[in-house]
Amino acid sequence: DGLEVKAIPGDAGDLLIWHRLLAHGNGHNRSNVPRLAQYITMSPAHFEDEDTREARVASWKEVRPMANWPGDRRGWEADHYSPATLTDLGKKLLGVVAWT
10 DGLEVKAIPG
20 DAGDLLIWHR
30 LLAHGNGHNR
40 SNVPRLAQYI
50 TMSPAHFEDE
60 DTREARVASW
70 KEVRPMANWP
80 GDRRGWEADH
90 YSPATLTDLG
100 KKLLGVVAWT
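Letter by letter, the sequence shown follows residues 10 to 109 in the numbering used here.
It should be emphasised that the hints constitute simulated quantities derived from the structure, not laboratory data.
Restraint-style ranges between C-beta atoms, simulated for each label pair:
id, residue 1, residue 2, range
1, T109, E13, 41 to 51 angstroms
2, A16, E71, 33 to 43 angstroms
3, V106, P18, 31 to 41 angstroms
4, Y48, D20, 11 to 21 angstroms
5, H55, A16, 29 to 39 angstroms
6, K101, I26, 17 to 27 angstroms
7, K70, K15, 36 to 46 angstroms
8, T61, W85, 21 to 31 angstroms
9, T94, P74, 13 to 23 angstroms
10, S91, M51, 18 to 28 angstroms
Remember, it's a predicted structure, so these values are computed and weren't measured experimentally.
Glycine included, every Cβ here is placed at the ideal spot set by N, Cα and C.
Sequences are here, hints too, so could you generate the full structure?
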């Protein structure tokens, strides 16, 4: 098929980034130390999709996940944190400010 499975080595604390359509998975944790992971999805806001843009901004302001991500049912982050401070670039990526 011309396709090959390729192991991507990583050490504790490494950040791995890949396109979401790339088939991916993780191996078994062979230690008795818990493995922690943070999954992040990113894409620039599109001002022509106003409903989604508004939902993204509301999610940020309310410190809650978007509807398609389950998040923590306890709402711990919203109870203990304020919205992240955004740079000018962050405001554009989120959709708070339009790209000009």
